[in-house]
Amino acid sequence: MKYTVLGSISAMLIGATGALAQDYPTKEIQGIIQWGAGGSTDVVMRSVTPHAEAVLGGTVVMQNMTGGVGAIGLNYVADQAADGYTLLMGAENPLLYKVMGLGDKDYSDFTAINLLARGTPILVAGQNTPYNDYAELMEFIAANPGEVRFGATGPGGLPSVITAMINAVEGELDVISVPFDGDGPALTALQGGAIDVMPAVLGAAIEGIRAGTMKPLAMFDVDANERLPDVPTVTSFNDAYNDLLPWGPFFGIFVKNGTPDDVVASLQAAYSEAAQNADFVEMIDNRGFTMMNIAGDEAADFMNRWQQNTTWLLHDAGVTQNSPEDFGIERP
Amino acid sequence: MDAFLAFATVLMQPQLLALVALGTFAGIYIGAIPGLSVTMAVSILISFTFSWSVYPALALMVGIYMGGVYGGARTAILLNIPGAPSAIATALDGYPMAKRGEAGQAIGVSTVMSVIGGFVGIAVLAVAAPLVSDFALRFQPRDYMFLAVLGILLVGSLSTGSLVKGIFAGALGVAIGAVGRDPLTFTPRFTFDLSLLNGGISFIAVMIGMFGVSEALLQLHHVDKKAIRQKVGRIIPSWKVVRKHLPLSMQTSTIGVTIGALPGTGGDIAALMAYDHAKRVTKNPETPFGEGAMEGLVAPETANNAAVGGAFVPMMTLGIPGDAVTAIMIGALFIHGLNPGPMLMIDRPEMFWFIVGALTFANIFLLIFGLTGIRLFTKLVEMPRAVLISLILILSIVGAYAVNNAITDVYWMLGFGVLGYFMRHYGYPLGPVILGVILSRLLDDNWRRAIITAREDWGRFFDGVFSSPLSSVLLAAVVFIFLSHTPPWKWAKARLFASRIK
Numbered sequence: 001m002k003y004t005v006l007g008s009i010s011a012m013l014i015g016a017t018g019a020l021a022q023d024y025p026t027k028e029i030q031g032i033i034q035w036g037a038g039g040s041t042d043v044v045m046r047s048v049t050p051h052a053e054a055v056l057g058g059t060v061v062m063q064n065m066t067g068g069v070g071a072i073g074l075n076y077v078a079d080q081a082a083d084g085y086t087l088l089m090g091a092e093n094p095l096l097y098k099v100m101g102l103g104d105k106d107y108s109d110f111t112a113i114n115l116l117a118r119g120t121p122i123l124v125a126g127q128n129t130p131y132n133d134y135a136e137l138m139e140f141i142a143a144n145p146g147e148v149r150f151g152a153t154g155p156g157g158l159p160s161v162i163t164a165m166i167n168a169v170e171g172e173l174d175v176i177s178v179p180f181d182g183d184g185p186a187l188t189a190l191q192g193g194a195i196d197v198m199p200a201v202l203g204a205a206i207e208g209i210r211a212g213t214m215k216p217l218a219m220f221d222v223d224a225n226e227r228l229p230d231v232p233t234v235t236s237f238n239d240a241y242n243d244l245l246p247w248g249p250f251f252g253i254f255v256k257n258g259t260p261d262d263v264v265a266s267l268q269a270a271y272s273e274a275a276q277n278a279d280f281v282e283m284i285d286n287r288g289f290t291m292m293n294i295a296g297d298e299a300a301d302f303m304n305r306w307q308q309n310t311t312w313l314l315h316d317a318g319v320t321q322n323s324p325e326d327f328g329i330e331r332p
Numbered sequence: 001m002d003a004f005l006a007f008a009t010v011l012m013q014p015q016l017l018a019l020v021a022l023g024t025f026a027g028i029y030i031g032a033i034p035g036l037s038v039t040m041a042v043s044i045l046i047s048f049t050f051s052w053s054v055y056p057a058l059a060l061m062v063g064i065y066m067g068g069v070y071g072g073a074r075t076a077i078l079l080n081i082p083g084a085p086s087a088i089a090t091a092l093d094g095y096p097m098a099k100r101g102e103a104g105q106a107i108g109v110s111t112v113m114s115v116i117g118g119f120v121g122i123a124v125l126a127v128a129a130p131l132v133s134d135f136a137l138r139f140q141p142r143d144y145m146f147l148a149v150l151g152i153l154l155v156g157s158l159s160t161g162s163l164v165k166g167i168f169a170g171a172l173g174v175a176i177g178a179v180g181r182d183p184l185t186f187t188p189r190f191t192f193d194l195s196l197l198n199g200g201i202s203f204i205a206v207m208i209g210m211f212g213v214s215e216a217l218l219q220l221h222h223v224d225k226k227a228i229r230q231k232v233g234r235i236i237p238s239w240k241v242v243r244k245h246l247p248l249s250m251q252t253s254t255i256g257v258t259i260g261a262l263p264g265t266g267g268d269i270a271a272l273m274a275y276d277h278a279k280r281v282t283k284n285p286e287t288p289f290g291e292g293a294m295e296g297l298v299a300p301e302t303a304n305n306a307a308v309g310g311a312f313v314p315m316m317t318l319g320i321p322g323d324a325v326t327a328i329m330i331g332a333l334f335i336h337g338l339n340p341g342p343m344l345m346i347d348r349p350e351m352f353w354f355i356v357g358a359l360t361f362a363n364i365f366l367l368i369f370g371l372t373g374i375r376l377f378t379k380l381v382e383m384p385r386a387v388l389i390s391l392i393l394i395l396s397i398v399g400a401y402a403v404n405n406a407i408t409d410v411y412w413m414l415g416f417g418v419l420g421y422f423m424r425h426y427g428y429p430l431g432p433v434i435l436g437v438i439l440s441r442l443l444d445d446n447w448r449r450a451i452i453t454a455r456e457d458w459g460r461f462f463d464g465v466f467s468s469p470l471s472s473v474l475l476a477a478v479v480f481i482f483l484s485h486t487p488p489w490k491w492a493k494a495r496l497f498a499s500r501i502k
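As you go down the protein sequences, you meet chains Z and F in turn. Following this note's numbering, the numbering of the first sequence begins with 1 at its first residue and continues without gaps. Following this note's numbering, the numbering of the second sequence begins with 1 at its first residue and continues without gaps.
Next comes chain F alone, as it looks inside the complex (with noise of 0.2 Å):
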């Protein structure tokens, strides 16, 4: 009883109320603009919220959390950049649908989405997250490296055309990941005596060039082109088109919040194997996949809004954050004299259903906010290519410099968007080489700590690895991945499928 109404706290104070619903409406704008991150707005507001009480100041940030999410498809659909890394994958099929003149549609989708992958993480924080976080503790360094190569694996999916031009676009974002004192040792890396590449290369910057730019500089050829006109028709999908992708959405959902509650990684790999995962199990899409496939759309976005949820399990739990967010949120607490650790559940239950409880209500605003001013945002497409391609020049310039408020950056941003567009020019695809920067540091990081911890021996290595469930199984799906891209494989399965159907 006392977990209902501490839960129903949002709903009995009207002010908390307003809080979440203007969070999460912020939030899918902070979201949806490439540059300004959950993150920054999150701690923005622990200094703007410091003399507020505990309740509204997380209701506000809450709000900002799940809004700032999804927000990020917005902009990937429209204009190809994703507005927060999270949303790379959404970019892949759902940019095509805009071209095509079904953005409505598309935001139409990832909005119902992603208020369902939402709903799956919540669900599970409630019901589950003692049991999750204990999972999510087990995952050893050598585990996230198992995974991270899982990920790289994932360059087949993003490829579009040559799988060799997609391994070279790959090799690329891992050494533009490395570049800077590396975090472990601080020695500095391809950093070539210069000072200015001690901090590394901004991933965002690199993720708003190749995206946004090279997009700009693309439009320029056809910049006498009529710009598409969108259909306005159905926005909202229909029951039909939800349930049938209802069952792939569960799938692409518990990747989500599984991948989201482990500490080391977030949202952004979660959309990226959950984009794999629907590529796998979808025999036959309506359209190719990378050609505005509805299940190219429906699987990052539940799995990120799924991870939301996932990454207040273990902070809840154990008072260990599962992103950087929630990184943010443990220290707002503090700031206000709660203990976030292993007893907060215990001490303060009304904490956790609060949180629980503030999530619902952010994810029904997100419902209602998602779903109106579409008509609106789509009208940004039909503009005068003229405009357009200013429009996300300035996005990008803005966007750059807003992470860390450095010049650098827009450099940075600039050089990789031209970088970007010769790259597509010539049949290289973009989307390995943000997936290389992202997991560049997840893979070295653990790969060198889970060899330090076996002594730099392999026997002792693979002994660890055959002893624990956790990285056999992990270990076997690497195997079996890799080997199922393999022409043997391949030719294996069609001859066992042949002889079935005689």
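Just chain Z, same shape as in the assembly (with noise of 0.2 Å):
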């Protein structure tokens, strides 16, 4: 099988290559995925990618390469040639290695090939819990404190961070915090009743709240959601969210410093193509997800303010090891 695979594959380039006038793709074009199969980065990077194929005119490997919070795959590809033959299929976890301690290099050591979309985060609750929404749950933490178990992705997750935003808004909260390997695994302790609340990305609880198996107690973003309207959002709880808002994971593409620019541009150029593909914008919206496709001087502004908040946000919470100051990055 593998070989049948992987002579058809070669035979698509083949036949690709052969209709192609540029010089860029001459040869298969890997992209690393920094995390797991069946997972959402892997379901965006898998759905765009054949777009981008067909207007670069070539083949692009996708490999998941997992572990240490995607600092694998991205040492990886950091290591390999900056010719634009191996990509970086990531989301925002980087910008944070510096200050959690996991690594030395985030995005800035790469150049952003397009930021395709972000995911806004949702707080929900299990079907039993006595709550119904935010100002529900916060009172009932008041009078039960050391009860609600909150799930958690490890430091520097989604949950991490919308967990130090309500620290910060409403005062320390007195609840447990319960560790899963992602967001698939804690949804799942939810609708187990193993935990009470998680703070998570819209698209991975969008089927459970529309089946009922879990609630939504409200929206982390300034303005209602289209997929969800009937949520209310955090801001209209506490006015304080404001300032912290809107904020939210996101995936992109990259390609190491030193790419030569044709080739950057061409890539720049397939995969925003691609990612207007009717296809694919129905499938960012069936998830919940909101589309960028942004690039250049643009996706850098973005991953620098979305950085400074970040890193200052955790850091004030106290859950990051270093400081960002020790970085360079500025307080916003």
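Quick caveat, the hints were computed from the structure, so don't treat them as lab data. Be aware that one or more of the hints could be misleading.
[As the list claims (entries may be wrong)] If you anchor each label on the Cβ, the simulated ranges turn out as follows:
#1 N238(Z) - L483(F): 52 to 60 Å
#2 A135(Z) - V164(F): 55 to 63 Å
#3 A224(Z) - V281(F): 57 to 65 Å
#4 L483(F) - D326(Z): 35 to 43 Å
#5 R460(F) - N128(Z): 17 to 25 Å
#6 A171(F) - D279(Z): 45 to 53 Å
#7 R234(F) - D279(Z): 52 to 60 Å
Note that the Cβ used here is the ideal one computed from N, Cα and C, for glycine as well.
Reassemble the complex: the two chains are provided individually, in unrelated frames, and hints are given to aid placement.
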């Protein structure tokens, strides 16, 4: 089977390069996905890349390289030649590596090909919990200190950021934080009653909310989400969130700094067109993500602001290993 | 009626039937090669089938999954290298059979039993999916922890010879599994500040090294000895043999489908638990376990294929993956514009019945492909040892490299191969090492989740255990199995038994 697959891929490649006029790509491009197969990052990358292949007239062979919160994949791409034949397909996490003590490289060592989409965080609760919205949860926590179990995915994960925000706005909450391997297992535990509340990305929770296996407490955004218009925003409960939101995870494709400009340009053009494909737009929409499709300076600015906001928030919450100051990250 | 039509979609469209067949056939060989995994094949297929419509894509993936889980048994029996983690227990009795010249018979039995297990899994999926997924969701971190402890107690079953050496080997495995950044807090453990160790040690590399390379090194001792002549008599097991093991296969299939349906455990643990179960319930095996007992082959092979149906239970009913392969299939459904989740069964019931249908036909093809070409395969073991040893080494190196396309995994694999050789030489069993690696994270993560949830308070922890019937039963099972291995229990049992005879 391996041969059949490889055979077909190379057949596709030969067919594709034959019809090609420019000189990039002349061989297979490798796409390193930082997260595991079947996860959000994986689904987004595998959905957009075939459309980009069509524009590029080349083949991108995608491979999941997981571990170390994505650092294994990032370091692998950083060790390859800056020729545009190895793409890094990742999420927001590397921007936190330095302050979290997970590595000395982040996206400043890479050039953004495309920041595809961002996710909106949502606070969800198990079906049998006694609170029905954010305000009731806060009251319940105040009345029952040390009882409510929050799901977490380790330092630097989305739940840790949202929890840090809640602590910053409401004062330190007396809750139990139970760590899981990712939001999938944590949401499973939520439905089984092993945890009570979980800050998750909307896309991961939306099907459960629609089916009524979990209930939404608040959308962590300044505006109501059109996928779930009835869910109140957290800013409607507490104004103070306006300073911290909007915030969310994002997905992006990168090449190592030093990649020739024309190669970067053709990759950017290909992925920009791919991101506008109707099927991809629909998939992004269905999963509750917000399309971004930005590159170049716009992408660099976005990541810069994201890094400043998030690292300082986490640092003030006391969950970082190093100060953002040590790496020249300015306080927003 | 709609359900039946959806079930029979595969049969009505020859193209789909051909894809299921192709998938199953390819799966057997992918599964048989150590290092090439079903997970890897299915994730490659996501890109490959991107432009197809959803039915053909799923038909191919389901076929590969079914075939791949079975395929791991082939190399386990013939070369003592499990093609996949779920075939580790198969090697324990399958390889001794091959050494006696009964490789053909062993493969025949493993095929028929895999198919029986597969059908039990599919039947449970078709009939009781919502019920089983409800049950599976009930498992709390503390229950997974108890399950892991039950697993650790299998060391007793997997240790041939000295139990102390077995426990040592198991502990080594648990330690190997703990290397790397701890997934819950990202704290480095046993990494000695080497960035190489941050990602942990690839479990597959350990498995291939311990089984494959150590086997090759061991065989060097007898390089001049003539190869074993394989019996080419009856390969397809007789009805009598099948019927004799039918009760056991039903029990182990049940174990398989249950463990498979749990979102935190899969076919590898199911197969090991089934092996242990077989060892406990089989009073008088014709051949002792570990030396080529038929029961030792029946149990893991039924359980790991039953786990396939089990893994689809939470996937189809809740959109929660039962294992790594179903996790990728959920991704594939998203890419094909479906929304896997609790509503899928309600909005698109035909998808559910299509999967059940595809699994059923994949299982039928498994029987056909599994029982053909066996004679050719057994010739492998009849090759001169010099050729066979080189073949094992090459397979091991290619397999270890293929896991992550990383040369470091090959070095790990070779290192553990040499370690495994010396361990075998001094009578340390290797099964418990692999068991330890598999269970290390399950035990560690869930124990921490359980005790964190109880605010590190033992009173609160046991309060939770005793107020949950499921946790209480699991704890009782742990205590019972532990006590049944202790001398006082055996003494009491012997006395009780003796008095009854009088």
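These are the hints, each one checked on the structure:
no. : hint                          : verdict
1   : N238(Z) - L483(F): 52 to 60 Å : holds, 55 Å
2   : A135(Z) - V164(F): 55 to 63 Å : holds, 60 Å
3   : A224(Z) - V281(F): 57 to 65 Å : holds, 59 Å
4   : L483(F) - D326(Z): 35 to 43 Å : violated, 55 Å
5   : R460(F) - N128(Z): 17 to 25 Å : holds, 19 Å
6   : A171(F) - D279(Z): 45 to 53 Å : holds, 51 Å
7   : R234(F) - D279(Z): 52 to 60 Å : holds, 54 Å
When held up to the earlier numbered hints, the structure conflicts with hint 4 and nothing else.
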